[in-house]
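Colleague: Here's the letter readout for the chains.
4 protein chains.
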Amino acid sequence: MAGNSIGQIFRLTTFGESHGAAIGGVVDGCPAGLTFDFELVRAEMQRRRPGQSRIVTQRKESDEVEFLSGIFEGKTTGAPIGFIIRNTDARSSDYDVFRDIYRPSHADFTYEKRYGLRDHRGGGRSSARETACRVVGGAIAKMFLKQQGITVQAWVCQVGNIVLKTDYSRMNLSLAETNAVRCPDPVVAAEMIQLIEQTRKNGDTVGGIIASVATGIPAGLGEPVFDRLNADIGKAMLSINAVKGFELGSGFGAASMFGSAHNDAFVPGQHSGDIETSSNNSGGIQGGISNGQDIYFRVAFKPVATIIQKQMTVTRQGKPVEMMGRGRHDPCVVPRAVPVVEAMSALTIADHLLRFRAARA
Amino acid sequence: MAGNSIGQIFRLTTFGESHGAAIGGVVDGCPAGLTFDFELVRAEMQRRRPGQSRIVTQRKESDEVEFLSGIFEGKTTGAPIGFIIRNTDARSSDYDVFRDIYRPSHADFTYEKRYGLRDHRGGGRSSARETACRVVGGAIAKMFLKQQGITVQAWVCQVGNIVLKTDYSRMNLSLAETNAVRCPDPVVAAEMIQLIEQTRKNGDTVGGIIASVATGIPAGLGEPVFDRLNADIGKAMLSINAVKGFELGSGFGAASMFGSAHNDAFVPGQHSGDIETSSNNSGGIQGGISNGQDIYFRVAFKPVATIIQKQMTVTRQGKPVEMMGRGRHDPCVVPRAVPVVEAMSALTIADHLLRFRAARA
Amino acid sequence: MAGNSIGQIFRLTTFGESHGAAIGGVVDGCPAGLTFDFELVRAEMQRRRPGQSRIVTQRKESDEVEFLSGIFEGKTTGAPIGFIIRNTDARSSDYDVFRDIYRPSHADFTYEKRYGLRDHRGGGRSSARETACRVVGGAIAKMFLKQQGITVQAWVCQVGNIVLKTDYSRMNLSLAETNAVRCPDPVVAAEMIQLIEQTRKNGDTVGGIIASVATGIPAGLGEPVFDRLNADIGKAMLSINAVKGFELGSGFGAASMFGSAHNDAFVPGQHSGDIETSSNNSGGIQGGISNGQDIYFRVAFKPVATIIQKQMTVTRQGKPVEMMGRGRHDPCVVPRAVPVVEAMSALTIADHLLRFRAARA
Amino acid sequence: MAGNSIGQIFRLTTFGESHGAAIGGVVDGCPAGLTFDFELVRAEMQRRRPGQSRIVTQRKESDEVEFLSGIFEGKTTGAPIGFIIRNTDARSSDYDVFRDIYRPSHADFTYEKRYGLRDHRGGGRSSARETACRVVGGAIAKMFLKQQGITVQAWVCQVGNIVLKTDYSRMNLSLAETNAVRCPDPVVAAEMIQLIEQTRKNGDTVGGIIASVATGIPAGLGEPVFDRLNADIGKAMLSINAVKGFELGSGFGAASMFGSAHNDAFVPGQHSGDIETSSNNSGGIQGGISNGQDIYFRVAFKPVATIIQKQMTVTRQGKPVEMMGRGRHDPCVVPRAVPVVEAMSALTIADHLLRFRAARA
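These protein sequence lines are chains C, B, S and Y, in that order.
Taking our numbering, the leading residue of the first sequence gets 21, the next gets one more, and so forth.
Taking our numbering, the leading residue of the second sequence gets 21, the next gets one more, and so forth.
Taking our numbering, the leading residue of the third sequence gets 21, the next gets one more, and so forth.
Taking our numbering, the leading residue of the fourth sequence gets 21, the next gets one more, and so forth.
None of these hints come from the bench; they were simulated from the model.
Be aware that one or more of the hints could be misleading.
You can't tell identical chains apart in this list, so a pair holds if it fits in one copy or across any two.
[To be verified] Under the rule of at most 25 angstroms between Cα atoms (straight-line distance), these lysine to any residue pairs were calculated in the SDA-like manner:
id, residue 1, residue 2
1, K330, G273
2, K166, M191
3, K166, R380
4, K80, F58
5, K95, Q337
Small disclaimer: the values here were computed from a predicted structure and weren't measured.
Generate coordinates for the entire structure from the input sequences, incorporating the hints supplied.
Modeller: In structure tokens:
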């Protein structure tokens, strides 16, 4: 209820502030008997970690995950999987200057309004460090999805005004992991990297868009009405720091389309009895339920709020004051957000896979 | 869990198919002691009802709401508020032809994959008739919000390629209710109406966008991390039939912005001690929590799937077949979706208002 | 959250006051494809209805259930099943005298403290009439359980100081339905009936105990730790009006036993590979999870609070006043509570059957 | 959903096996601004820990709680409070012999049926070590209750056939903490201790009953219908290892009472305007809602299943085999369960205190 859990059956609960002793989480409802892939967890954490390239924050964070429960002789037991990640590079003093002022477009002001007090060190609970726990939870969800023949992949398709225009079906998505910005087109990737580097030199930050596709999804996942698969995926994405928008399939473009062009015709599939669609404006979900086609969506991120420029703001008493951003922050959040988008996607799909099991007598 | 409820404390559960005996719902968690405004319910239902103008479906529906419980001597008692709306104009036979084929971009195929069977009459549970119950629930939420000084308003800002470009703060939003398409700019509204009429003549349908603003929101609503106010509003919107996208504040536009331009500077407010922001790219929510500014978001709708044109599809056995749309459908869903967007917005904000009460010792 | 729903997957929500327009409910999460047994619903309602014998209240209530959704061509569709039962014999004026006083051991005082106001007619939401909706929900759960080979049965084993001492395994439980008090031993039943009649003549009421057994339960139902099967069954029972205690298997008697006598030895079962226990002090649940043996428990009911005798109480202003009970009430609640106990048991087991499906990869 | 969380607003999630790396938990929804009392946590853990006296298990466990988040400058921040307790004295090899057999009245068999596999070391998740996390969560709940003027206290009132008969209102309950068995009557306590010691010498175990009272509860806590305060307290108690029964106020004794004797008359209270009851058969809860009187209930515990005697059981293949209990176990669980009962009581009441805040407009 207090909002630190997500999922109904496959459920992740997280805790921890960026400058406390540790962050961590609990995955409850992971089915028993799954071979636990520690290497996958490590690899996913590497994709998210600070310092992985020149275009991301050089902050040092421990990303070593310690699993405390729920795994026995290499398999999940059905018991909750608890884990922690110690905080090590906590330069709290960097933040002392922010104790009494509200950084623009950060959560300082709103947390204080909600709770009456605030842990000002590094944003406390609002820090993007919290997403590390999502990546751990998502890796566990991916283990389950892999067993079910499902893959989840995300990539960067826009940074500032640099836009990847090629349809994803005509690209080799695995190339996304071969460059620092995680864009599958090397030429566009180079432009994006250049823009991010220039932005950093300017002491500024820039926004971007991440696209994501899930393949191998069986038809029938998602609850009608409120817990539609798209609604739950959308919520999962909108719960990520800095996300401002979500669109499925045709998305906002659907607003200017006619039904005759937008409808996805059903056609016989490759195998006898299969039914497919000849286009996928639906993004793989119709009436809130997966139709067996790729689930395709896009997530918009705002530029990071911390800029290394002078800005006006106010103190806790409401007095105008000039401030200067501090700390080591990402000039653009999207490269490191790619595994977070995948994690939230995997968690949501895993949950609905389990919910599906209760649909029929 | 089966997805027919939304909200944690202020909670709406709905039931009913378009061609069954009735649709209805239960509002649980409405605070006791609220004066019940039956006239508001009636007015909201009028805004949603078919046949209200030339540009919407001419289907006849009963929209008479019968309240069964939870109200005593004109006030809410804290007990669940049950209500039903009888179905009267249920021309099931219109749908006999669809018993064995899957209409393109409808939920026929996916429901059958989920449940192993399907109520083919009018889409059953996937019918937009279900949104009538959301409007009832939303009206009750609005009674509570009004008491708290909060207003929620939505309007149409795009139909096909006709776009309302004026910033909402420079318009008289109450004009939206003076025309059939619910756009506050009369000139743009006329163009939209013309496009919808032409589209209907073509036997086609067209998409659109609805914008929404909530005012009077106190700072501090929303849970950090997963149940962010924007995530819950986004989910509520994405749970509405035909919605393909959601964006808050700067939305997808944020992707091409720099942080120096995007940040909302805090400034002293009009009253001593008040703190406001000089811009509102945040859309009134920072770190998942309301900051006291207007909550502003936009929702994209696809064109309605039922078109009165020949289309190819497949039978339940996967054989190609030509079909023709039937029934009386909206050529564009957005005019009648405006009160639905408001309802889902009101329900979500009411829920978070109550959740806020538990945040401090 | 406001407490009018029970169950995680198979979920019943109820609404309605005894003297409002109707009571009703929604069963969400009932699996699709179940043949709907309307006759079972009618039969269960008959078992609960007032006026069925001399020893129960002679109040007249409509018990006609109207199903509004979720059933198509005789089968459940997976959509929520909405239903209502109209209130017809609502003699609200009987209760005018209670508008300003608190009846002893009723919920008048506590509801007013909770909500700041109160629907004084017949106890409003606190009326036992609410249990009619539980019986409807329970009948639907029983349809699912029957398909799974599970039966649920309850009977009266104590009224006042008349105690049925025979172990249930040595009785023909079907005899319970052959007498007005629902005790499977005809001799003991006669004594119980006599006690209830004498109690009614005295203008008094008397308590009792109901026992219940569920057979055919597969091993493996129940979540460890907080949502143990016994904890969820216990909560379901304690949520019934007038229940003061719950015990599983050996129950309170276990307190005076030694482990060497209490342990249930595992033994080979009748069929190859089966494992049974030679005794059942566990009541069919070990570590919160069913072990395949009968689930056996007992539920204690207090005497009904309304007595036709003079009692002292206070007004809403706290002034002492003498009052006299009114209305047509049960002299002993247990005969009519038998189907309610079964309903709550069936709902809980159905829910855990569905939860079980998510336990393994 | 997987049952490792309890509470709606004030919510505890636990994880960890007795022989894994650590156990731990997350308290979500604890209000912000509460002064955190580390000493109280330590004291409560002392009351629960093994080895505290001769009559409890001599197993050595680490009970050092490390708090990882949610506390800043000595106060709760509203963020989730994560904590872990390392496992240190994990003699897994003690349990190797149990890998292929099912210990009678343990959870070995049922866990394996549920999950298809089992962590056989010390019962894994079913170990009573899990209750340490409940005590931590309960201590945090007590901090909140104390601020609200509420106290929660439990004591042992029966061990085997040694029964404490004095009404609690006529005893000095603080004496319970002055002896090893936690019974407030020193004479009865001595008899209980003697019985437990003799039982241990016999290699046997014995059951018992714990009584509990909560004082200072405001009238109005609890949701009507399913989430009655007594139903939620009952579920919390029935979720504790080895609990077989729960009764509120008059409890099972109510079954043999008449209404004229059972009803609690309302009377003017000590302070002007106060309303009290002259007796408390209701146990402080009427219609599921607290009435301001003491909340009084009793919880029955079975004898611990591990006995140091030869017993017959079966292997995983269903073959009969003789086994001998191992490990260091409690001869009677109730002395160490007293703080666990208090913890679960405190958690439930804290949750309902917060839920109460949403009841009125």
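Colleague: State for each hint whether it applies.
Modeller: A quick look at each hint next to the structure:
1. For the homomeric pair K330 and G273, the shortest alpha-carbon distance between copies (24 angstroms) is at most 25 angstroms, but the shortest distance inside one copy (37 angstroms) is not.
2. In the homo-oligomer, the alpha carbons of K166 and M191 lie at most 25 angstroms apart inside one protomer (22 angstroms), although the nearest pairing across protomers, at 52 angstroms, exceeds that limit.
3. Within a single copy, K166 and R380 get their C-alpha atoms as close as 24 angstroms, and across copies as close as 15 angstroms, so both meet the 25 angstroms cut-off.
4. For the identical chains of this complex, K80 and F58 are intra-copy neighbours only, at 22 angstroms inside a copy versus 31 angstroms across copies, given an alpha-carbon limit of 25 angstroms.
5. In this assembly of identical chains, K95 and Q337 lie within 25 angstroms of each other by CA distance solely across copies; the values are 22 angstroms between and 54 angstroms within a copy.
Violated hints: none; the structure is consistent with every hint.
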